[in-house]
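Student: Since the structure of chain H is provided, determine the placement of chains D and U on it from the hints.
Chains H, D and U are the protein sequences, given in the same order.
Taking our numbering, the leading residue of the first sequence gets 6, the next gets one more, and so forth.
Taking our numbering, the leading residue of the second sequence gets 14, the next gets one more, and so forth.
Taking our numbering, the leading residue of the third sequence gets 139, the next gets one more, and so forth.
Careful: at least some of the hints might be erroneous.
[Claimed, not checked] Restricting the straight-line Cα-Cα distance to at most 30 Å, the calculated cross-link-like pairs of lysine-lysine (DSS-like) are:
#: 1; chain 1: H; residue 1: K199; chain 2: H; residue 2: K209
#: 2; chain 1: H; residue 1: K209; chain 2: U; residue 2: K400
#: 3; chain 1: H; residue 1: K266; chain 2: D; residue 2: K335
#: 4; chain 1: D; residue 1: K239; chain 2: D; residue 2: K272
#: 5; chain 1: H; residue 1: K266; chain 2: D; residue 2: K272
#: 6; chain 1: U; residue 1: K456; chain 2: U; residue 2: K183
#: 7; chain 1: H; residue 1: K266; chain 2: D; residue 2: K239
#: 8; chain 1: H; residue 1: K58; chain 2: H; residue 2: K201
#: 9; chain 1: H; residue 1: K58; chain 2: D; residue 2: K272
#: 10; chain 1: H; residue 1: K201; chain 2: U; residue 2: K183
#: 11; chain 1: U; residue 1: K400; chain 2: H; residue 2: K207
#: 12; chain 1: H; residue 1: K199; chain 2: U; residue 2: K183
#: 13; chain 1: U; residue 1: K551; chain 2: U; residue 2: K456
#: 14; chain 1: H; residue 1: K64; chain 2: H; residue 2: K199
#: 15; chain 1: D; residue 1: K239; chain 2: D; residue 2: K335
#: 16; chain 1: D; residue 1: K338; chain 2: H; residue 2: K266
#: 17; chain 1: H; residue 1: K199; chain 2: U; residue 2: K400
#: 18; chain 1: U; residue 1: K183; chain 2: H; residue 2: K207
#: 19; chain 1: H; residue 1: K266; chain 2: H; residue 2: K58
#: 20; chain 1: U; residue 1: K400; chain 2: U; residue 2: K183
#: 21; chain 1: H; residue 1: K209; chain 2: H; residue 2: K64
#: 22; chain 1: D; residue 1: K335; chain 2: D; residue 2: K272
#: 23; chain 1: D; residue 1: K338; chain 2: D; residue 2: K239
#: 24; chain 1: H; residue 1: K207; chain 2: H; residue 2: K64
#: 25; chain 1: D; residue 1: K272; chain 2: U; residue 2: K776
#: 26; chain 1: U; residue 1: K776; chain 2: D; residue 2: K239
#: 27; chain 1: H; residue 1: K64; chain 2: H; residue 2: K266
#: 28; chain 1: U; residue 1: K400; chain 2: H; residue 2: K201
#: 29; chain 1: H; residue 1: K209; chain 2: H; residue 2: K58
#: 30; chain 1: U; residue 1: K633; chain 2: U; residue 2: K550
#: 31; chain 1: H; residue 1: K58; chain 2: H; residue 2: K207
#: 32; chain 1: H; residue 1: K199; chain 2: D; residue 2: K272
[Unchecked claim] If the Cβ cut is set under 10 Å, some of the chain H residues that face chain D in the computed set are:
#: 33; residue: D132
#: 34; residue: A170
#: 35; residue: G229
#: 36; residue: L262
[Stated by the list, open to error] Simulated DEER-style distance windows between Cβ atoms:
#: 37; chain 1: H; residue 1: G173; chain 2: D; residue 2: P82; range: 19 to 27 Å
#: 38; chain 1: H; residue 1: G173; chain 2: U; residue 2: L449; range: 46 to 54 Å
#: 39; chain 1: U; residue 1: R286; chain 2: H; residue 2: K201; range: 23 to 31 Å
#: 40; chain 1: H; residue 1: G249; chain 2: U; residue 2: D517; range: 39 to 47 Å
Simulated from the structure, these hints should not be mistaken for lab results.
All C-beta atoms, glycine included, are put in the ideal place defined by N, C-alpha and C.
Listed below, chain by chain, are the residues.
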Amino acid sequence: MDIIVCLKQVVDPELPQTEFAIEPATGRQVREGRPLVISTYDENALEVALQLKDRGGGKVTVLTLGPQAVISDAFRLALAMGADEMVVVDDPRGPDRLGGEKAAILAAAIRRIGRFDLVLTGCESADWTERVVAPVLAEALSAACVTFVSRVEAADGTLMVRRMADEGFHRVEVRLPAVLSVASDESNRPRLPKLKDILAAKRKPVHVWPVADMPAAPGDLAAGVEVREVVIPQRTTRCEFLEGESAEQAAALAQRLRDLKLL
Amino acid sequence: MPGICVVATVPDAAAIPSSLELVGGARALDASHGAGVSAVLMGTGPGLREATDELHRHGVATVYRCAHPLLTSGQVDAFLLATEQVLRAATPQVVLIRADTVGRELAPRLAVRLGAALVTECVELAAENGAIVARRQTYGGRALATLVVTRRPAVLSVKPHSLEVPEPAPVPGRVEDVAVSIDADTLPARVCEVLREEAEVGLDDAQVVVSGGRGVGGPEGFALLKELAAVLGGAVGASRPPADEGWVPISWQIGQTGKTVRPALYIAVAISGATQHVAGMSGSRTIVAINRDPNAPIFSVAHLGIVGDYRAIVPPLVARIKELKGP
Amino acid sequence: MAPTREVFWNIPRLGVVIMYLLAFAAVAVCGYGVYQHYRTWRRGKPASRLTPVGPRLRAVVVHVLAHGRLLADRVAGIYHAALFWGFVFLFAGTLVVFVHQDLGLRIMQGPFYLYFQSAALDLMGLAAAVGVAAALVVRYGLGSPRLRRGILSDALVLWLFEGILVTGFLVEGLRIAGTRDPWGPWSPVGYGISGLIDAAAISEATIRLGHAGLWWLHFLLAMVFIAYIPFSKLFHLVLAPANVYLQPLVNPAAPGRIDFDKAERFGAAALGDLTWKDLFDLDVCTECGRCTAVCPATATGKPLSPMHVILDLREEMKRTGTGAAPGRVLAGDVIAPEALWACTTCMACMEACPVFIEHVPKIVEMRRHLVMEVAQMPDTMEDALRSLEARTHPFRGAGISRAAWAEGLAVKKLPRGDRAEWLLWVGCAAALHERNHATLRALVRVLDAAGMDVAILGDEETCTGDPARQMGNEYLFQTFARQNIETLDRYGVRKIVTLCPHCYNTFRHAYPELGGHYEVWHHTQVLARLVDEGRLALTGSAAATITFHDPCYLGRHNGEYDAPRHILQALPGARTREMAQSRQKSFCCGAGGGLYWMEDRTGQRINHVRTDHAVATGAEIVATACPFCTLMLEDGVKARGTSIRPMDVAELLERSLRGEHH
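In isolation and in its complexed conformation, chain H is listed as follows (with noise of 0.2 Å):
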């Protein structure tokens, strides 16, 4: 099977609040100084894509979209993990594109890719978690779409994958090709690379592609959408403490649960 997996490449999202800051003008994030890392779940699809890889054989490529000098050393890592390929969409503006505009031009790199099976994506990026990218890329690719996976096998042409739900899980029964968003879960924890995989990872190729010669894809669906800011809630720094007897303080906190809108 020839599996695609999209990687961004985020500031990491486990520092804490306090390094966590926002440009006021341009309501980017400040991404200078801090540790960029591959976003979440986008590891987990990785994951699968090499245990598919594993069990049938074929090709993973990852690709990904970004400013190609802070890019290519990071996601090493993909390759070192087991990834044939990597292909590089430099873009300098990658990180501030809406999910709808990347999509598109993720598509257009796919089709220049060419060959391919299935798409794999992690199921929300760590920074805007739009949840868009799979869904548009398989209307784009004219692909099956299933999104929040949790487990797949592949079963005879069609793929028999595990869906998070809200009851639940669903089990559903896909066609490929398809474009695929994957969760975390305890059958897909990204593997450590072995020694000889990192070294072997220098000499996977890398293909750098500049963001210009990607063709617009019709349906960039953050045309006509614009960020007008990005703010930091101000935050209270002293605890504000709930007073009176027990059930005056849980009648009083389930009231500012309510209010804060968390029930």
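Tutor: Same frame as chain H, now just chains D and U:
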């Protein structure tokens, strides 16, 4: 011609009030559009009629009703075909979709098919000079983004429970039954089985985490926490000591050597707030701490604090939350 | 007539011939056995351990002749010394007979015969017999927790030795009685026995018969002993002194460096991936159990016993011989990975081993195989390594600023263009953990008060790579090391003071191999020197009872036990108390070997147990000199709910400097 259309599904009764949240949003937008609210109602069985009435009662003028046995749990491809068919004919300006299991997949695909603009997972919607201003959370809830949608048509998905169910505002409703032909064999993805688990919400994905520390005192205390998590639709976690003591599974541990979580709501019960624990939860949007010790470091990261014994606080809290959430 | 004795009294010529034939056979069997072992050792990779001769010989004097480490266990040390020296004397006596009889150099006569060959040998033989008896009593009578019972070979060896000694005395007594030896009283034990024989009025024929029988028994036992040497723990007679000589003189904890440009295998998958010295080690072990008795992992119920690591490897070596039988994978088939991951690399085992077996480097070599070849390790350790790669430090969820602690302090920063004589290497465990910020601030204030010219690297500092190294990812370690060396050299850094003993150890021992040569001091060493030179006005009373916890990487790894104690003693009013396990015998805090990043779930937590040790002294403060120890003890104190306060030596010093009272 209706300007705003909500997409409502009736796989089960619980979906009706949540579809009504969308109606609330649609009415708010419609007030400035003056174009009326419509709905695509899809499903199977007698629930459809009841749902139609509910929609009319809440101000939906036109209900496009699709009944088909395949319009059921999780059959996104079927819902997509039906919605696409209705909306190509109805051509609304704005489509609102609930970002649940089906909606989060349906909305982007529909947007592509309709050539629409797309914003997902909105938590607030407002009209402003003919544009729609949508708010959504970003960076795991650490920031709030405001987006302005000027293009039409537009598909907006709305995070469940973020909009209020509106007061009834009955209108003389119209129903248009739309016949959809869906062939099970042509669906690229087909749900074979629904595993209904009273889902132990996974810590990784939970939007609410109720977490206990050494002060919980033992496994019995965690049963209480589980109850609280259940009414909030969340998961239970722990700091290191309860995991060490074997009161809870190791997989529940949150902190530097355990899991990192960033839910919308984190309730720390009887947790002192050691750095090792805080490292795993400080990204949570709202942090509530319940602790007997007013000087516990957890209060320095918490937004809301209660000084007291959790045993006296959690039971009335569970009861009160149940009341507020209604039947 | 000069005093002497007939060597082969009562033994016919034919008997002597048979004796020589049998002796030759015994030596041949022994030689064959040694050769077999030699062939198995040769399976190992090269290691150079023969020079320098001086310090190695000195070690042999201290630890073999003077029984240095053996005497760490008083009782066992003394009885071992008795049987050791008894054996040496008797062996020398046998050589004297050989020279006298076979080489024809008549040395066994005159005063030498009386003083040495008779009196000294008799008394030393008695000492040996008493020593062996004591060993039997301790092992089988009283029962020692570290000594195993029920192993045939252990009993056989002791009884064989005792048998040779007792038959030797009986033969001597019969000879004295039978020959009416005028010099008999010079052999007090034999003379005493002859007195008993005289008293019993045994006929001369019976004496001759008894003498002949016992003589042959004595001789045969001796031959069995010789032949048995390479096939039993008796082998340590030869190997132990050799192993003391071959010991690692510097940086004993670290396995060999890997040259990644040339290496094809990383770490030890099979026996052949260890060095010949590692394989030699396996045969040296006498199963005394001292290593396991001091191991913090064993003590807290973890699945690791250092002795069994050695024994299981030895079993594998025996099974595969010279490599004809297919070898099994060491980490997994021979040693459970859980055992390997339970090691804190604290060096307690190696410090306790009387024959200088190197447990820790073998464990790390096997970890290297697990991490670099198999890519299997505990999840939480894996997360730490991933973090190291992504964030340049192993602490997930920590901030990015490595200089946040220095806010408000005028600390020079090299990247800002400042220059200084010293670089303060902060270390991740201090820079990124709030608890240790107080230590850093205290240290900087003290250095400043003493007028030391110090700068930091700020955000250009990264991990030294040490956690990766201890966990077995030598590749990642070298990547960090090279990058750090490049940074340090770019700023022309020559003198480094580190807060963390792990960084200190790494700079001191690991970086030079990769081309990074610096003068490295641990902060307690610098502070001790400042105290000595009177550059600190310690005015504040530190009236408190303090116990000091020795960090493994400062103490056992680098031999620094005195500097921190020296500082504590200089604190006005401070009273110090030692824990039962301190200095060389210190008990790990549980964080070493990368185990800070492993969830310690089996049995008790090491840091909790160590906290109990500190509490048991009755001290109010447990002083440390390592940011990891501080964190582990803080955690232990919280868990145990006690009031003892972990504080770094630098913090205590700074309080006294500020004149602050505790």
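Student: Each hint needs a verdict: does it hold in this structure or not?
Tutor: Results of checking the hints against the structure:
1. H:K199 - H:K209: holds (15 Å)
2. H:K209 - U:K400: holds (20 Å)
3. H:K266 - D:K335: holds (15 Å)
4. D:K239 - D:K272: Given pair K239 of chain D, K272 of chain D holds - Cα atoms ~18 Å apart, limit 30 Å.
5. H:K266 - D:K272: holds (25 Å)
6. U:K456 - U:K183: Satisfied, since the Cα-Cα distance of roughly 18 Å is no more than 30 Å.
7. H:K266 - D:K239: holds (21 Å)
8. H:K58 - H:K201: holds (19 Å)
9. H:K58 - D:K272: holds (29 Å)
10. H:K201 - U:K183: This hinted pair holds, its Cα atoms lying about 21 Å apart.
11. U:K400 - H:K207: Judged against 30 Å, a Cα distance of about 16 Å means the pair holds.
12. H:K199 - U:K183: holds (23 Å)
13. U:K551 - U:K456: violated (57 Å)
14. H:K64 - H:K199: holds (19 Å)
15. D:K239 - D:K335: holds (14 Å)
16. D:K338 - H:K266: Status holds; Cα separation ~11 Å.
17. H:K199 - U:K400: Status holds; Cα separation ~17 Å.
18. U:K183 - H:K207: holds (29 Å)
19. H:K266 - H:K58: Roughly 44 Å between the alpha carbons, so the hint for K266 of chain H and K58 of chain H is violated.
20. U:K400 - U:K183: At roughly 14 Å apart (the allowed maximum being 30 Å), K183 of chain U and K400 of chain U satisfy the hint.
21. H:K209 - H:K64: holds (13 Å)
22. D:K335 - D:K272: OK: K335 of chain D and K272 of chain D at ~29 Å, within 30 Å.
23. D:K338 - D:K239: holds (18 Å)
24. H:K207 - H:K64: With Cα atoms ~18 Å apart, K207 of chain H and K64 of chain H stay inside 30 Å; holds.
25. D:K272 - U:K776: Roughly 21 Å separates the two Cα atoms, so the pair holds.
26. U:K776 - D:K239: This hinted pair holds, its Cα atoms lying about 26 Å apart.
27. H:K64 - H:K266: violated (46 Å)
28. U:K400 - H:K201: Given that 30 Å is the threshold and the Cα spacing comes to 12 Å, the pair holds.
29. H:K209 - H:K58: Roughly 17 Å separates the two Cα atoms, so the pair holds.
30. U:K633 - U:K550: holds (15 Å)
31. H:K58 - H:K207: The given pair, whose Cα atoms are some 20 Å apart, holds under the 30 Å limit.
32. H:K199 - D:K272: Since the Cα atoms of K199 of chain H and K272 of chain D sit roughly 24 Å apart, the hinted pair holds (cutoff 30 Å).
33. D132: The hint holds - D132 of chain H has a Cβ within 10 Å of chain D, the shortest such distance being about 6 Å.
34. A170: At about 4 Å, which falls below the 10 Å cut-off, the nearest Cβ of chain D leaves the hint on A170 of chain H intact, so it holds.
35. G229: G229 of chain H check passes; min Cβ-Cβ to chain D is 2 Å, inside 10 Å.
36. L262: It holds, given that the least Cβ distance between L262 of chain H and chain D is near 7 Å, below 10 Å.
37. H:G173 - D:P82: 19 to 27 Å: Cβ of G173 of chain H to Cβ of P82 of chain D: about 21 Å, so the range 19 to 27 Å holds.
38. H:G173 - U:L449: 46 to 54 Å: holds (52 Å)
39. U:R286 - H:K201: 23 to 31 Å: violated (41 Å)
40. H:G249 - U:D517: 39 to 47 Å: The hinted range 39 to 47 Å holds for G249 of chain H and D517 of chain U, with Cβ atoms some 44 Å apart.
Taken one by one, the earlier hints fail for this structure at numbers 13, 19, 27, 39, listed in ascending order.
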